[in-house]
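From first to last, the protein sequence lines stand for chains A and B.
According to this note's numbering, the first sequence is numbered sequentially starting from 1.
According to this note's numbering, the second sequence is numbered sequentially starting from 1001.
Check each hint, because a few of them may be wrong.
[To be verified] Taking lysine-lysine pairs in the DSSO-like style, the calculated list, with each CA pair at most 27 Å apart, reads:
| id | chain 1 | residue 1 | chain 2 | residue 2 |
| --- | --- | --- | --- | --- |
| 1 | B | Lys1072 | B | Lys1011 |
| 2 | B | Lys1162 | B | Lys1228 |
| 3 | B | Lys1072 | B | Lys1134 |
| 4 | A | Lys567 | A | Lys528 |
| 5 | A | Lys490 | B | Lys1214 |
| 6 | B | Lys1214 | B | Lys1004 |
| 7 | B | Lys1004 | B | Lys1228 |
| 8 | B | Lys1130 | A | Lys490 |
| 9 | B | Lys1056 | B | Lys1043 |
| 10 | B | Lys1130 | B | Lys1228 |
| 11 | B | Lys1214 | B | Lys1228 |
| 12 | B | Lys1043 | A | Lys528 |
| 13 | B | Lys1043 | B | Lys1134 |
| 14 | B | Lys1043 | A | Lys567 |
| 15 | A | Lys490 | B | Lys1056 |
[As the list claims (entries may be wrong)] Covered stretches of chain A, as calculated for chain B (at least 3 residues, CB under 8 Å):
| id | segment |
| --- | --- |
| 16 | 228-234 |
| 17 | 275-283 |
| 18 | 332-343 |
It is worth saying that the hints were derived from the structure and are not from the lab.
From a predicted model like this one, the values you see are computed outputs, not experimental measurements.
Cβ atoms here follow ideal geometry from the backbone N, Cα and C, with glycine treated the same way.
For reference, the chains in residue letters:
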Amino acid sequence: MKKFLALLLALAMVFCLAACSGGDDTGDANSDNNTTGNEDNGNGDENTGSATGTSSINVSIASEPDTIDPALNSAVDGATMVSHLFAGLAKWAQDENGNLEIVADCATELPEGVVNDDGTVTYTYTLKDGLTWSDGEPLTAQDFVFAWNRAASTELAADYGYMFEVVDGYADIWATDDAGNYVNPDATLNAVAVDDTTIEVTLANAVAYWNELLAFPTYFPVREDVVADESWATDPSTYVSNGAYELTGWEHNSVITLTKNENYHDADAVTMNEINFYLSDDANNMLTNFENGDWLLIDTVPTNEIETLQTEYPDEFFIEGQIGTYYISWNINVNLLPSDSTLTGVEAEEANDDIRNALSLLLDRNYICEEIGQAGQQPASSFVAMGMTDADGSQFYENAGHSDDYIGYFDVSADAYESNYEQAIATLQQYYDYDESTGTFTNVPTITYLYNTDESNQAIAEYVQSAWSAVGINVQLENQEWNTFLNTRKNGDYTVARNGWLADYNDPISFLDMWTTASGNNDTQFGKGDHASIAMYDLDLTPYGYEVNVTDGTWAETYDVLISTIKSCTDDEARYAMMHLAEDMLMTSGCITPIYFYTDIYMLDSSVHGFFANPLGYKYFMYCTIEG
Amino acid sequence: MNSKLLWYIIKRLLLAVATVWLVITVTFFVTRAVPGGPFLSEKATTEAVTAALEAKYGLDKPVFQQYLTYLKDIITELDFGPSLKQRGREVIDIIGDGLKTSAKLGVIAAFSALAVGVVLGAVAALRRNKIIDKVIMVITTAFVSMPSFIMGSLLLVVFAVKLHMLPANGSTAEGLILPIITLSLYPMAYITRLTRSSMLDVLGQDYIRTAKAKGVSGPRIIFGHALKNSLIPVITYFGPMLAYIITGSLVVEQVFAVPGIGRAFVNSITNRDYPLIMGTTIVLATLIVVMNLISDLLYKVVDPRINLE
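When you get a sec, could you build the whole thing from the sequences and use the hints?
What follows is the structure, encoded as structure tokens:
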């Protein structure tokens, strides 16, 4: 009996040891704060779950954000939180009819720029009177200038630092010599705080989406003494903001709590007192909490539940447009011709372009959207996504391509599939041996389709495999873990890969400048490797008033020139026309096979009113009320 | 005798340090050899930005030099470095946050499993082939063979969705109840079965028969002789199990949205967040090594005949 007691004692010691090892690692005062926050949220849960008319809302838009530092954030969920916490010169808002617009926030108004003699454009903004930070300190023009220079700096090296590319001086900051050293360590953006309430910023040239950039999180102000502490944005006690909310709780990987900032200049309009962003990366768990009534908005639902949920919650299931395209990218340097083909150089490249475009026509995008995606995705026949506006305010994608009969570069309607198929077979017959009796090609090299591990990517990959196999093409599927996949695709170690792009701002250039030779997103390897010396592209910009007329140029001589011309062009009509030209070049190459335009699915409890989301996918809860 | 035990502990501790060092070394070079990097994303940063970040975090140096720097920081300052993905956060804080939750969950789950498991196991053994034994065996077989994601989902549906008794996310104290139950069912069932079979074995031993013949009372035989001696396999199982359970169960954390260390570990690998991968690996390895040592020492307490050498 004594020994049994000794055993129990020993086990109790193990218990203590384990408990201590847990405690020791957390160790500091923070853990106490966190625990308190946790319990508070527990109470909050119950309130919002059942009561009506409360001004606290529990939502779940994603898992733990990598950062909620406005300059460092590059994620949509982070941007949603930052947009509640900070106020820039401009913001997204809804007018009386529910249409989205960009309006002045910290600035009194958003004036037009003044074009200088050298083509640069200067904007002058006046800040509203009496702006303060959440800790009561005055907010000044200098804070904006500091924040912008910080976000664009080489020291911070922020993902979205390039958002300041349009501002005069950005190029100097990042200029390096051949050894990779920065040549102008003291360079700054051409932005000046004339006095405490006046900001003067000069852009390298007029930019159509400038006001939208002012509403972009990277452009939000931060205060120098606050961000001097590198970990300022990870803890409520050091987080100082100037927007509708302040950060009052962050239980890491669990919940972020925002409480209304009474110092915000427009605090009276803010109806929601508290927002709890629950951090979850499991769609099933999100759904359980939504069905439970604990969480009133969830931004992800399990893919295989989409169909059921749509019928089960017709008033609470939402599908919104999102400016993005799911597509398949081809490595331009992989030759698809049969091994006995005699074509080389430009001729081979032209043949490959034809083949890729034909393979694209073999895919039934309506099937993919309806049977696999099941979330209202729109079949795509061009790359620049639906939702992007053209020069005349119409949809850019509606003006893409050159046909009067259909929208885009091929007819994506369900009726056209058969004729697309026949056209594809006819094209492929020019390059491969075709067995009429079986309706298959016999000498197409094996194609390996690369995708990252994910249910819906896999389903699409399997569909592509079956569609191409049906005509005798041997397709192998290769799936890689996310980070490995990104690496493989970026380095061009693939033939064809799943790809996707979401725009950062409403301008088609955000879909087009990624295909320049030096771009980090040039997964197709345009202008790289063997393709660097392929001289087969024509570019005539004389109709738009530029002395550029290249025949049989390389990718660098044509596409890269076209993009830089677009970026410096101030005439909207010419600019948009040239952007269509750029998309023509991309689509002719066949290297980009658009599949569908993305949609954003979320579920919102019917008791929530006043909610809106912008086309970039940011969700706004500040004007929400909960009734009924 | 005591000096022998001390010497044994010292030897084992040295071995533990060597093991952890080996784990550090292998993990360090393997993570660097795996393709990808911490600064990759669907939207690629420019080469200039990537270069600036690599310089900032010392990733532009040769790998071996990075390894030496890392070892130096760990040994001299216990500095695990900053996270590369969650900018502004220190690895030690991220691990601390996760481990705090996982350890709370794990310790409660493990000890309830132990308490319930030993009692059920003993009862089953003493009532061998009676109805209660059969019931216990059927239930434990079910728990042992049911994967935790099914068990977790089942509990969620019943208690969170249908009955509205408990919350579905593990971010609150109440919310930890379901994950604790989910976590404890498997070890509980396993311990029950271990205790039962080992107790049956012990009950058949000669010394038990001798004790019975000498007229020792029933409870004394069970608690004084049988139960204690039948716990050795349970201890063997319990030490490492405790280490695994408190270092986080990815599945349970996922199902109940518990902010534990398991998720942090898995995400760090997906993100190639090198310092966080290293940090979590070191902490987990250390815990497992220490738990193994403790369970070895406990043998000695339970059965003095065991020679630790």
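Tested hints:
1. B:Lys1072 x B:Lys1011: holds (24 Å)
2. B:Lys1162 x B:Lys1228: violated (43 Å)
3. B:Lys1072 x B:Lys1134: Violated, because 58 Å separates the two Cα atoms, which is more than 27 Å.
4. A:Lys567 x A:Lys528: holds (22 Å)
5. A:Lys490 x B:Lys1214: Status violated; Cα separation ~80 Å.
6. B:Lys1214 x B:Lys1004: violated (36 Å)
7. B:Lys1004 x B:Lys1228: Distance ~24 Å between lysine 1004 of chain B and lysine 1228 of chain B Cα, so the pair holds.
8. B:Lys1130 x A:Lys490: violated (66 Å)
9. B:Lys1056 x B:Lys1043: With Cα atoms ~20 Å apart, lysine 1056 of chain B and lysine 1043 of chain B stay inside 27 Å; holds.
10. B:Lys1130 x B:Lys1228: holds (23 Å)
11. B:Lys1214 x B:Lys1228: holds (20 Å)
12. B:Lys1043 x A:Lys528: holds (19 Å)
13. B:Lys1043 x B:Lys1134: violated (59 Å)
14. B:Lys1043 x A:Lys567: holds (20 Å)
15. A:Lys490 x B:Lys1056: holds (22 Å)
16. 228-234: holds (count 5)
17. 275-283: holds (count 5)
18. 332-343: Violated: only 0 residues of the segment 332-343 of chain A have a Cβ under 8 Å from chain B.
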